[in-house]
Amino acid sequence: MAIRIKKQKPFARGAGILLPISSLASSYGIGTFGKEAYHFVDFLKEAKQKYWQVLPLGPTSYGDSPYQSFSAFAGNPYFIDLDTLIEENLLTAEDVNLDWGSDPTNVDYEKIYNNRFVVLQKAFKNFTPDEDYQQFITENDWWLQEYAPYMAIKSYFDNASWQDWDEDIRTRRPDIVAEYEEVLAEEISFWKFTQYEFYKQWNQLKTYANEAGISIIGDIPIYVALDSADVWCHPEEFQLDERLRPTRVAGVPPDLFSTTGQLWGNPLYRWEDMKNNHFSWWKKRIAANAKLYDIIRIDHFVGIAHYYSIPADDETAENGYWVDGPCEDFLKEISEVIGNTKIIAEDLGIVIPKVCQMLDKFGYPGMALMQFGFDGGTDNNYLPHNFKQNLVVYGGTHDNETMTGYFAHAKRDQLKFAREYLNVKTSKQIPAGIIRAGYQSVANTVIFLMQDYLMLGDNARINTPSTLGSNWMWRLTPGEIPADMAEKLAKLSDTYGRN
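Heads up: the sequence shown at position 248 corresponds to 248 in this note's numbering, and the numbers run straight through without jumps.
Hints are computed from structural coordinates only; laboratory data are not their basis.
Idealized CB from N, CA, C, for every residue including glycine.
Heads up, a few of these hints could be off.
[Claimed, not checked] Simulated pairs of lysine to aspartate or glutamate, EDC-like, Cα-Cα distance not exceeding 20 angstroms:
no., residue 1, residue 2
1, LYS275, GLU211
2, LYS111, ASP130
3, LYS50, GLU211
4, LYS291, GLU139
5, LYS200, ASP130
6, LYS284, GLU272
7, LYS45, ASP494
8, LYS361, GLU333
9, LYS428, ASP458
[What the hints assert, rightly or not] Computed beta-carbon distance windows for the label pairs:
no., residue 1, residue 2, range
10, ASP360, ASN340, 14 to 24 angstroms
11, GLN121, LEU468, 27 to 37 angstroms
12, THR316, GLN145, 33 to 43 angstroms
With the hints as extra help, turn the sequences into a complete structure.
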């Protein structure tokens, strides 16, 4: 039977703030679902914001990127609030009195990695499973039975990628999997415990936000990491050879910013096979994320229309080619399981006819990045007079410089145009002018980074794509948000009908 297209209704006019959970202040080296998260919700409510956008919440792997996760379904144990575990008598103050890093403005991932799981293991040993826990295990067994053994076996092999495990377990021989599950039963239970605590704390925070009138915008990376429970347990869904090695991988072609393109390395999907099984794995993924978030931003949405395919053995993206994606067939299927959760298409304003047709047909808003609007003339799609209502407008995303950082080195003609367009006197006033213009615009939704409201420079940048070592680290410090900021944002919302 043919599936009817379910057209999404436009978002209510409103504004929001992008702030990853990891960037919240806390006493334990990284943001958590603790009191600072609740204080931030209170701030959003007072500032008459309607949206809190967070980055993916999955457990991070090498490079600490939330877009390279060990599972498309699990949550990051780093976000479990330790003070809450103390209140639940699973930990003591002495247990958490460790070195979590000396710089409150940055996450020290090495110290987090070395300390967090030691502390969580103590909490696990003090934990007595109850009815709520058993219910969680029962309801989520379909993915926990993949993720928890994967993490336990990964630990057994000194955290090596599953691609480097012994052949019998790498290829998931059923008898060998059963042996590992028996030997590592306690470790497997620990990983299930971390997911119970993650989801319990997150659901409480999300409920608090929703009751305050705040909708949560979350992210789905279109691709999953090769080193993940998803690929290990479902190799048939990905472009792997008979030895389970990738044959083609994801990336983007050479452009003005990179002469060799970007080689992401994620395994590509077998979209035709997925279509034949009605995108079963993807529908489970979408349904799970629809419970996590009120709005899902599909990262690299363009990949649904067409995707860039690169030989897995190549060292650059130069020899790739474009392949048609699943398009409407995919979107029709996921609309069956998404419920009331809405979608944002991360298209970055790139005009691709096939993408435009899908957005129009399904009612999904695309995106516009205002900091790039002052280069190329008045027909630039990122200028407010070219916006449409069904659009999500950003100053910049987590992958961009902060607005203050960007305009600190912009070209003279860009700065001149921006000052004139925004009616500001100095270049330092451009970021504030962009925020005001975004609120004034016809676009239903405007989202700005917390760093941009604070007018921070590139020392507060979240991520520089294709680099390692200094990303995903920036954090708010306690009291860094000025006392009068909520009042100022509320006035903006009132003035331009975003309240």
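Now for the hints, and whether the structure bears them out:
no. : hint                                : verdict
1   : LYS275 - GLU211                     : 38 angstroms, violated
2   : LYS111 - ASP130                     : 32 angstroms, violated
3   : LYS50 - GLU211                      : 11 angstroms, holds
4   : LYS291 - GLU139                     : 13 angstroms, holds
5   : LYS200 - ASP130                     : 13 angstroms, holds
6   : LYS284 - GLU272                     : 18 angstroms, holds
7   : LYS45 - ASP494                      : 13 angstroms, holds
8   : LYS361 - GLU333                     : 14 angstroms, holds
9   : LYS428 - ASP458                     : 14 angstroms, holds
10  : ASP360 - ASN340: 14 to 24 angstroms : 21 angstroms, holds
11  : GLN121 - LEU468: 27 to 37 angstroms : 28 angstroms, holds
12  : THR316 - GLN145: 33 to 43 angstroms : 38 angstroms, holds
Violated hints, listed in ascending order, are 1, 2; each of the other numbered hints is respected by the structure.
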